[in-house]
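Asker: The primary structure of each chain is shown beneath.
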Amino acid sequence: MLKNYFKIAIAVLRRRKFFTAISLFGISFTLTILMVLTAFIDKVVGDDYPDKKRDRSLYITRLEEVGPTNMSSAGPSFYFLNHYAGSLKIPVKLGISSGYNGTNTYVNNKKIAVNYKYTNADYWDILEYDFTEGKAFNKQEVENAEKLAVISTDMKKAYFGDESTVVGKYIEADNVKYRVCGVVKNVPLTSYLTYSDIYLPYTVSKTDYNDKAYRGGYTGILLANSKSDLSKIHDEYEQVIHKVPMESKDFDHIYSHADPYITSYLDTGNEKQSGVVIALTAIGLFAFLLMLLPTINLVNINITRIMERSSEIGVRKAFGASSKTLVYQFIIENLILTLLGGLIGVLFSIIILKIINSENLIANLELSLNFTVLLIGLVICLVFGFLSGVYPAWRMSKLNVVTALKAQ
Amino acid sequence: MISLQNIQKVYRTNTIETLALNSINLNIKKGEFLSIMGPSGCGKSTLLNIMGLLDAPSKGDIKIDDQKLDHFTDKQLAQFRNKKLGFIFQSYHLINDLKVLDNVSLPLLYRNSSEKERKQSASEALGKVGLSNRVNHFPTQLSGGQKQRVAIARAIVGKPEIILADEPTGNLDSVMGNEVMDILLQLNKTEGTTIVMVTHDEHMAKKTHRLMRLFDGSQVQ
Numbered sequence: 001m002l003k004n005y006f007k008i009a010i011a012v013l014r015r016r017k018f019f020t021a022i023s024l025f026g027i028s029f030t031l032t033i034l035m036v037l038t039a040f041i042d043k044v045v046g047d048d049y050p051d052k053k054r055d056r057s058l059y060i061t062r063l064e065e066v067g068p069t070n071m072s073s074a075g076p077s078f079y080f081l082n083h084y085a086g087s088l089k090i091p092v093k094l095g096i097s098s099g100y101n102g103t104n105t106y107v108n109n110k111k112i113a114v115n116y117k118y119t120n121a122d123y124w125d126i127l128e129y130d131f132t133e134g135k136a137f138n139k140q141e142v143e144n145a146e147k148l149a150v151i152s153t154d155m156k157k158a159y160f161g162d163e164s165t166v167v168g169k170y171i172e173a174d175n176v177k178y179r180v181c182g183v184v185k186n187v188p189l190t191s192y193l194t195y196s197d198i199y200l201p202y203t204v205s206k207t208d209y210n211d212k213a214y215r216g217g218y219t220g221i222l223l224a225n226s227k228s229d230l231s232k233i234h235d236e237y238e239q240v241i242h243k244v245p246m247e248s249k250d251f252d253h254i255y256s257h258a259d260p261y262i263t264s265y266l267d268t269g270n271e272k273q274s275g276v277v278i279a280l281t282a283i284g285l286f287a288f289l290l291m292l293l294p295t296i297n298l299v300n301i302n303i304t305r306i307m308e309r310s311s312e313i314g315v316r317k318a319f320g321a322s323s324k325t326l327v328y329q330f331i332i333e334n335l336i337l338t339l340l341g342g343l344i345g346v347l348f349s350i351i352i353l354k355i356i357n358s359e360n361l362i363a364n365l366e367l368s369l370n371f372t373v374l375l376i377g378l379v380i381c382l383v384f385g386f387l388s389g390v391y392p393a394w395r396m397s398k399l400n401v402v403t404a405l406k407a408q
Numbered sequence: 409m410i411s412l413q414n415i416q417k418v419y420r421t422n423t424i425e426t427l428a429l430n431s432i433n434l435n436i437k438k439g440e441f442l443s444i445m446g447p448s449g450c451g452k453s454t455l456l457n458i459m460g461l462l463d464a465p466s467k468g469d470i471k472i473d474d475q476k477l478d479h480f481t482d483k484q485l486a487q488f489r490n491k492k493l494g495f496i497f498q499s500y501h502l503i504n505d506l507k508v509l510d511n512v513s514l515p516l517l518y519r520n521s522s523e524k525e526r527k528q529s530a531s532e533a534l535g536k537v538g539l540s541n542r543v544n545h546f547p548t549q550l551s552g553g554q555k556q557r558v559a560i561a562r563a564i565v566g567k568p569e570i571i572l573a574d575e576p577t578g579n580l581d582s583v584m585g586n587e588v589m590d591i592l593l594q595l596n597k598t599e600g601t602t603i604v605m606v607t608h609d610e611h612m613a614k615k616t617h618r619l620m621r622l623f624d625g626s627q628v629q
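Read top to bottom, the protein sequences are chains A and B.
1 is the number of the first residue of the first sequence in our numbering; add one for each residue after it.
409 is the number of the first residue of the second sequence in our numbering; add one for each residue after it.
Read the hints as simulated data drawn from the structure, not as lab findings.
Not one of these hints is a red herring.
Subject to a maximum C-alpha distance of 25 angstroms in a straight line, what follows is the list of computed DSS-like cross-link-like pairs (lysine-lysine):
#1 B:Lys483 - A:Lys3
#2 B:Lys467 - A:Lys398
#3 A:Lys3 - B:Lys507
#4 A:Lys406 - B:Lys483
#5 A:Lys398 - B:Lys483
#6 B:Lys491 - A:Lys3
#7 B:Lys491 - A:Lys324
#8 A:Lys3 - B:Lys567
#9 B:Lys491 - A:Lys398
Note that the coordinates shown come from a computational prediction; the quantities given were computed from them, not determined experimentally.
Please model the complete structure; the sequences and the hints are all you need to start from.
Answerer: And the structure:
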């Protein structure tokens, strides 16, 4: 039966080449966009370099102060994290890092844009950066405010060219010279919590890290001993925040949470808006709208094709096909078409991902069409084929045999 | 074999009501070859469609093999047609996208038969209509007479007890028409298949056991 459906599906596709081409283009184009998008999301959400202990970490990325008339939200300050998050009993470590800042440096009179970030020593214990040479700065070196730098491999190449080892050499950023103590594998820009070109000890920061202001653009990573401690740490931090005195009379509430990676990554900076909900809604809406047009197009083409095939439908019904069997046949045919479109979509996606990677459109982001993405693509194909096949198939099955046979 | 009692068929639109069949009573015995004649639009094909369970009468009872069929579901009707009935149409209604062999084996798709069985039965049916050498052709590569013979093979492949033929020779010249008619007569004689044939051709009708004439939806003979 299936073989027969396959034969007829291919024959129908070959009969109206132009319509087939339009349908296939619509499907494959849509799937390409969705698959590139899922590859991107998969990379951003799924890639845990250098954050391999993500499943037992909580992230503090925001501090919001709210008053009757005012609201201010930003990353917490180093002081706040060190003082309050540092007072927690359950976490085993607290990694602190600033957001990345941009500056320029010059090599042989050539300007290089550089992003730098300040971190504490525990940051390097929690995150598992791959060092191609050297190592991170330690607690003592941080306390001594030594002018040390960990740099990315791209930074090494841009600044030092083809030199094989650069540990011990000096790199200049923001008019200060730092001694390179380690080189790490690149982190993509999308992992903005851990991305940078140069990592420096927070003690060499030009701004006063002991400033007692609550907001300061830093991020804290709390490492738990085990997954089961995460909820306890979350609650412990909530209790600490509850007791934090107000920074000024303008405010009467302070909000800050220790959340899992995704919640923190998608934080909107506003207590009342969940980034996860917004992201899921936006992605869902985008995918829905993107799939809607080709689905409607396919439904339309399918209905036209049914009218062309009314004689066949009449004959099949006359010779014993029930309405249900015909619906089944038509959906299978449509799934074959969409899977074919999906196959072309996969090829398109591979090409587009190659282009995105080779052009380095997003710093250090190496997108790939992995198994998850293929699986998502397959599911999308099936949903697509099913959606665009059901209505025409239902219309077809309702066709009166006599009318169908007369239509030819 | 087929019993029609007081069959009436009315087509209704918003403004007009057309009586296509009026009080048709007919009994067709097993193994009988009946032809139905009448001018265009007199209701011949409508009557055949009702006998073939492709259309429902507005009034009246139809029994096939002493079974009343008015309470059958879509699925049950489909299964009944598949086992008991074979159809031949004036314009053949072959599926141009499928090869001759696949066209012929189509009714067997809706039974629990294997691909091997389907192929074998379809080849046998094509042998009976003298088209064993056209198995892998497509319908568009055949002449009108050959197409109709493929359609006959498709009608007989499931070994139905009844064949309903709607002007099977209507689109063919006299030589090809006679060839097709001979096959039907042979089928009726050797296999004992009950055949009901709608025709415009008096000469063909005279070759059958019984002739029924319709005029304006009523039985006149």
